[in-house]
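Novice: In terms of my numbering, the numbers along the sequence shown are unbroken and rise by one, the last being 220.
A portion of the hints provided could be inaccurate.
As the list claims (entries may be wrong) - Simulated restraints, written as ranges between beta carbons of each label pair: (1) 130 - 38: 28 to 36 angstroms; (2) 103 - 177: 23 to 31 angstroms; (3) 43 - 143: 42 to 50 angstroms; (4) 38 - 136: 23 to 31 angstroms; (5) 72 - 194: 22 to 30 angstroms; (6) 50 - 182: 37 to 45 angstroms; (7) 109 - 177: 17 to 25 angstroms; (8) 130 - 175: 22 to 30 angstroms; (9) 83 - 109: 39 to 47 angstroms; (10) 130 - 170: 21 to 29 angstroms; (11) 193 - 130: 19 to 27 angstroms; (12) 186 - 141: 35 to 43 angstroms.
Unchecked claim - Using 20 angstroms as the maximum straight-line C-alpha spacing, the simulated EDC-like pairs for lysine to aspartate or glutamate come out as follows: (13) 139 - 98; (14) 110 - 50; (15) 139 - 125.
If you are wondering where the hints come from, they were derived from the structure by calculation, not from laboratory data. Being a predicted model, the structure only gives us computed values, none of them experimental. Even for Gly, the Cβ is constructed at its ideal location relative to N, Cα and C.
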Amino acid sequence: MAFFSKGKETESTLEATTQAKRKKTTSDNSSVATEISKNITIEGDISGTDSIRIDGTLIGNIEVNNVTIGKNGSVKGSIRAQKISIAGRVDGEVTCNDLNISQTGYVTNKIHSNILILSGEILGEVLAETSINVTPTGKVQSNSLTSKRVTVNGTIEGKVTASELLEVGSNGLVNGEISVKNIKTDEGGRVIGSMAMYTPPSNTVKQKKPEVIEATIEEN
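Between the sequences and the hints, there should be enough to build the whole structure, so can you do that?
Specialist: See below:
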């Protein structure tokens, strides 16, 4: 499932010679990767169909194919991509298919992905269509965390919705308002707070009765 349409390169796309390093990945230059080095700060939006690695600071929005944010990297703006790996900090909305937040990664605002693997920290709303896996070092504070399958070996605090299964490992902690269809808790795992049976949202839309329009047809 794709969550974005690839944007065309715009005039605001940063040029490699003045604002970033570009690495050739093919001999005909048909595909390049952009790198923002450590200690470099850039303001402006970046869009295209290639990949980008950020070890410095970007103040602006990103819309590309793949994004890697290094341990020292920072983005203040929204990110839209197919695949995103975060070891640094992101202050803004994140939209992608595959999202991996490593142990040093930190994300605020909203996340919308298909699959999420979390070893770092999230502060904000989370929607992962298929699955969320919180590893032992992962931490989440959220007023809305939603997925089909949620596996917790770290810590989640807030409102959690698992439409298929919530699995809490031996090192896992879930604390808050919980809505689940099925739950599995290993020995040592902790679930604290209120719990309710998951109820799928109703898609039933009341059909309006057709309007009757009165008209008089005059014969010639």
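Novice: Quickly compare the C-alpha distance for residue 110 and residue 50 to 20 angstroms and report which way the hint goes.
Specialist: violated (24 angstroms)
Novice: Is the Cα-Cα distance between residue 139 and residue 98 20 angstroms or less?
Specialist: Between residue 139 and residue 98 the Cα gap is close to 18 angstroms, so the pair holds against 20 angstroms.
Novice: Holds or violated: residue 139 and residue 125, Cα atoms, limit 20 angstroms.
Specialist: Judged against 20 angstroms, a Cα distance of about 13 angstroms means the pair holds.
Novice: Could one say that the CB atoms of residue 186 and residue 141 fall in the range 35 to 43 angstroms?
Specialist: At roughly 23 angstroms between Cβ atoms, residue 141 and residue 186 fall outside 35 to 43 angstroms, so the hint is violated.
Novice: With respect to the beta-carbon atoms only, verify the hint that residue 130 and residue 170 lie 21 to 29 angstroms apart.
Specialist: This hint holds: roughly 24 angstroms between Cβ atoms.
Novice: How does the Cβ-Cβ distance of residue 83 and residue 109 compare with 39 to 47 angstroms: does it lie in that range?
Specialist: violated (19 angstroms)
Novice: For residue 72 and residue 194, compare the CB-CB distance with the range 22 to 30 angstroms and indicate the outcome.
Specialist: Hint violated: Cβ distance 41 angstroms, outside 22 to 30 angstroms.
Novice: Does the beta carbon distance between residue 130 and residue 38 stay inside 28 to 36 angstroms, or does it fall outside?
Specialist: holds (34 angstroms)
Novice: Hint says 23 to 31 angstroms; check whether the CB-CB distance for residue 38 and residue 136 agrees.
Specialist: Roughly 29 angstroms apart at Cβ, these two residues keep to the hinted range, so it holds.
Novice: Between residue 103 and residue 177, is the Cβ distance one that fits in 23 to 31 angstroms?
Specialist: Taking Cβ atoms as reference, residue 103 and residue 177 lie about 27 angstroms apart, which means the hint holds.
Novice: Quick check: does the Cβ-Cβ distance between residue 130 and residue 175 fall within 22 to 30 angstroms?
Specialist: Since the Cβ atoms of residue 130 and residue 175 sit about 24 angstroms apart, the hinted range of 22 to 30 angstroms holds.
Novice: Within 37 to 45 angstroms or not, the Cβ separation of residue 50 and residue 182?
Specialist: Holds, at about 42 angstroms.
Of the numbered hints listed earlier, those contradicted by the structure are 3, 5, 9, 12, 14.
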